[in-house]
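Colleague: Start from the sequences, fold in the hints, and give me the full structure.
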Amino acid sequence: MTRSLTPLSSSPSFRRSSSARFYSPTASLALVTPLIAALLAGFLYPVARLIALSFSGGTLSHYRRVFTEPLHLDVLFGTIEVAFVVTVASLLLGFPVAYLMARLSKGLAMAVAACVFIPLWTSVLVRSYAWVVLLQRNGIINGLLIDTGVTEGPLKLIYTEGAVILAMTHVLMPFMILPIYSALRALPPDYVRAARNLGAGPIRAFVAVTLPLSLPGVFAGSVMCFVLALGFYITPALVGGPGSMLMATLIGQQTTVLLDWPFAAALSTVLLAVTLLFVLLFRRMLSLSKGLNSVY
Amino acid sequence: MSIDHPRVTARFPTLKDVLASPTIRSYSTAAAILAAGIGIGGILFFLLLPTLIVLPMSLSQTDYIEFPPQGLTLKWYSAYFNDPDWMAATWFSLKIALATTATATVAGTMAALAIVRGSLPFRSTLQALALGPMIVPHIILGVALYLAFSPLQLTGSFLGFLVAHTVLAVPYVIITVTASLQRFDPTLELAALNCGANRLQAFFLVVLPNIVPGVAAAAVFAFLASFDEATVAFFISDIGGKSIGRKMFEDIDFNLTPVIAAVSTVLVATSLLLMGTVHLMNAHKSRS
Chain A
1 MTRSLTPLSS
11 SPSFRRSSSA
21 RFYSPTASLA
31 LVTPLIAALL
41 AGFLYPVARL
51 IALSFSGGTL
61 SHYRRVFTEP
71 LHLDVLFGTI
81 EVAFVVTVAS
91 LLLGFPVAYL
101 MARLSKGLAM
111 AVAACVFIPL
121 WTSVLVRSYA
131 WVVLLQRNGI
141 INGLLIDTGV
151 TEGPLKLIYT
161 EGAVILAMTH
171 VLMPFMILPI
181 YSALRALPPD
191 YVRAARNLGA
201 GPIRAFVAVT
211 LPLSLPGVFA
221 GSVMCFVLAL
231 GFYITPALVG
241 GPGSMLMATL
251 IGQQTTVLLD
261 WPFAAALSTV
271 LLAVTLLFVL
281 LFRRMLSLSK
291 GLNSVY
Chain B
1 MSIDHPRVTA
11 RFPTLKDVLA
21 SPTIRSYSTA
31 AAILAAGIGI
41 GGILFFLLLP
51 TLIVLPMSLS
61 QTDYIEFPPQ
71 GLTLKWYSAY
81 FNDPDWMAAT
91 WFSLKIALAT
101 TATATVAGTM
111 AALAIVRGSL
121 PFRSTLQALA
131 LGPMIVPHII
141 LGVALYLAFS
151 PLQLTGSFLG
161 FLVAHTVLAV
171 PYVIITVTAS
181 LQRFDPTLEL
191 AALNCGANRL
201 QAFFLVVLPN
211 IVPGVAAAAV
221 FAFLASFDEA
231 TVAFFISDIG
241 GKSIGRKMFE
251 DIDFNLTPVI
261 AAVSTVLVAT
271 SLLLMGTVHL
281 MNAHKSRS
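So the sequence lines, in the order shown, correspond to chains A and B. For what it's worth, this note's numbering labels the leading residue of the first sequence as 1, then goes sequentially. For what it's worth, this note's numbering labels the leading residue of the second sequence as 1, then goes sequentially.
These stretches of chain A come out as covered by chain B in the derived footprint (C-beta under 8 angstroms, 3 or more residues):
| hint | segment |
| --- | --- |
| 1 | 109-116 |
| 2 | 125-135 |
| 3 | 251-264 |
Simulated from the structure, these hints should not be mistaken for lab results. Think of the CB as a built atom: it goes at the ideal place given N, C-alpha and C, for glycine as much as any other residue.
Modeller: As structure tokens, this is what we get:
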């Protein structure tokens with residue numbers, strides 16, 4: 001996962017392999033048959049059924065509820081807002097870590113990388129549980145705050161939007177750090193040295209050289225974070241409360257508490273459409289930034 | 001000595017003068033480095049903290065959450081291993097994860113071969129579709145799979161979980177194996193075919209031994225994609241069949257005891273061991 005972004009197209013074996021398509025169409029089709037069968041049974045048919053259910057009754061009444069009731073619109077825009085805040089927070093906290101990982105000597109960089117990979121490899125459920133324990137009323141953070149005299153009584157930390165943003169930022173930060181790290185690793189240190197030689201100070205060299213060249217990684221990480229944040233369920237369901245409802249938790253509530261499956265299907269279809277819209281939108285931005293990058 | 005001794009000159013040094021003096025300059029650089037160090041140290045602590053607290057919590061003697069723990073005990077582990085509900089969920093998840101590893105690795109590797117070496121008319125569409133389950137929010141997949149499986153009585157069943165988790169795990173396999181195949185020289189496979197090997201022999205004797213590190217890594221990713229999965233499992237579990245993720249989710253919501261910390265520690269140890277092995281294997285390979 002930490003492989004540096006060596007341009008694959010310049011390695012001779014890759015160029016040969018892309019022209020070496022020597023499996024016949026029949027053999028190729030046979031090879032993808034199990035995948036297609038699994039996708040049909042476990043992905044395409046269920047999602048098609050879900051979308052069909054959202055139009056049940058032959059009307060758009062479920063969609064009308066999504067888009068006319070202020071509560072549901074608030075949740076939709078609130079979700080986009082939370083995803084945005086989480087992405088920005090991950091970027092601000094993650095960039096220095098990625099920079100350090102790319103610039104430190106090997107041993108220290110490995111230690112920093114371990115701090116990134118260990119949470120990434122820890123199940124989301126375990127991490128959300130840990131945040132519940134840390135933030136709850138008689139939890140570790142409240143205990144610490146009371147013992148040190150910062151507050152007298154326990155603060156309400158859990159089941160708030162702040163808790164959701166904190167825990168989601170924690171879960172998604174590695175997805176921001178790794179692409180930025182790859183971009184920074186691919187950046188030859190000579191460029192920065194040349195800028196310094198030409199009289200740029202450390203800040204100027206960073207702003208004029210390092211930062212623009214790290215942008216493809218920043219974009220890739222941001223898209224990843226934002227899209228994953230839009231549909232997050234486990235963490236907001238455990239750490240958030242009724243005041244911090246997101247699209248995913250609203251869908252969860254409709255299906256497990258209110259049992260309104262057609263409405264949940266309409267909400268799901270809207271969330272799916274929003275997610276795909278952002279993926280397509282940002283993909284263009286992503287390739288655009290790569291295009292700009294190749295000008296340098 | 002010069003006459004304008006600092007005490008003689010009347011002008012009080014401004015902040016600018018202080019900051020410009022060489023000693024202060026090096027002090028402020030040191031202070032800036034220290035502040036940055038503390039800042040980044042804080043971020044790294046924030047990243048590690050949730051993983052690190054589950055172990056001491058699982059060893060705590062009190063049944064409410066206390067930190068640092070007063071005395072050490074293994075009673076929450078024995079509670080976990082002696083609870084029939086937890087054990088049923090663990091075995092159910094383990095069975096599903098192993099079966100998913102097999103199906104996702106085989107189907108994903110086959111598809112990667114066709115994507116890299118084959119001639120498929122709708123290759124990019126297929127690739128986008130296969131990676132879809134990574135992008136589509138898992139809550140949507142969970143609701144959709146429940147709606148599809150419920151009338152077929154597949155909820156809470158081994159087969160239902162196997163289909164769902166295979167779809168969730170297969171993108172990781174395709175990405176990993178595709179990367180391995182692109183690094184492997186295809187002329188070796190052509191040479192084997194020229195020397196009289198049939199397609200299967202060429203694959204098992206030439207291609208597979210060369211991409212086996214990638215396939216092994218893909219298998220580990222597939223196992224963990226299933227074993228650590230909770231959102232889809234939450235929706236397609238039922239009383240008859242409940243995964244460890246669903247059981248944990250329920251207990252965190254309704255019955256927060258240190259048993260969850262013990263289960264978490266077991267899960268963390270499993271993931272770190274498996275992923276650490278893959279990581280070290282790959283690091284070793286890229287060095288040699």
